[in-house]
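J.: Take a look at the letters that make up each chain.
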Amino acid sequence: DTGVSQDPRHKITKRGQNVTFRCDPISEHNRLYWYRQTLGQGPEFLTYFQNEAQLEKSRLLSDRFSAERPKGSFSTLEIQRTEQGDSAMYLCASRPWDFPLYNEQFFGPGTRLTVL
Amino acid sequence: AQSVTQLDSQVPVFEEAPVELRCNYSSSVSVYLFWYVQYPNQGLQLLLKYLSGSTLVKGINGFEAEFNKSQTSFHLRKPSVHISDTAEYFCAVIEKTSYDKVIFGPGTSLSVIP
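Protein chains in written order, with the working numbering: chain A, 105 to 220; chain B, 14 to 127.
Simulated from the structure, these hints should not be mistaken for lab results.
Keeping only pairs whose Cα atoms sit at most 30 Å apart, straight-line, the calculated DSSO-like set for lysine-lysine is: (1) B/K114 x A/K115; (2) A/K161 x B/K109; (3) B/K71 x B/K109; (4) A/K175 x B/K114; (5) B/K62 x A/K161; (6) B/K109 x A/K175; (7) B/K62 x B/K114; (8) B/K114 x A/K161; (9) B/K62 x B/K109; (10) A/K161 x A/K115.
Model the full structure from these sequences, guided by the hints.
T.: So this is what it looks like as structure tokens:
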């Protein structure tokens with residue numbers, strides 16, 4: 105399977121703990137995105153990368169959140185000192201950037217975080 | 014600021030009946046439009062997209078949608094639904110000035126009743 109993969113698929117943690125999620129995009133997709141989806145809502149944009157450069161961060165991404173894409177391939181999203189409000193599905197997406205053509209984003213299965 | 018409205022949060026429909034899921038958007042610039050489907054505990058799958066050209070677009074699984082610029086709508090339709098269509102459906106837009114930040118609607122839960 106050559107789609108977007110995310111690991112883990114589920115994570116249960118206690119409030120105050122740190123968690124890290126991983127996303128492996130489709131090979132050769134140079135743009136990578138993170139979204140957060142809370143129960144009953146549509147996904148909300150968090151941040152995105154062009155290769156290893158983080159180009160934009162949403163105001164939803166508080167100081168406790170950090171995302172990296174060190175070699176321009178996989179990405180990690182870390183949440184420090186988790187709070188119950190962080191409980192959500194975290195989705196990763198990727199697409200090839202081929203300006204001016206537009207290519208849609210392909211989404212992974214998500215990581216469901218539950219903070220107790 | 015751009016936004017997407019899906020007025021129907023839940024839509025129950027009998028199997029083999031037609032269905033329409035409504036989507037309206039607001040934006041000060043031109044947009045691309047999308048419909049995604051999300052099955053339980055899965056990621057988002059693209060159903061169809063409108064980038065340009067014909068305002069009637071056809072997607073996977075027999076779905077189609079029509080872009081109406083004057084009404085800023087992009088309603089999704091299927092003439093005959095199946096049990097397997099039970100899922101959450103999200104309308105989404107992306108401004109042509111950014112190409113990156115997809116704005117999703119709150120979703121419509123489609124339940125197909127046997």
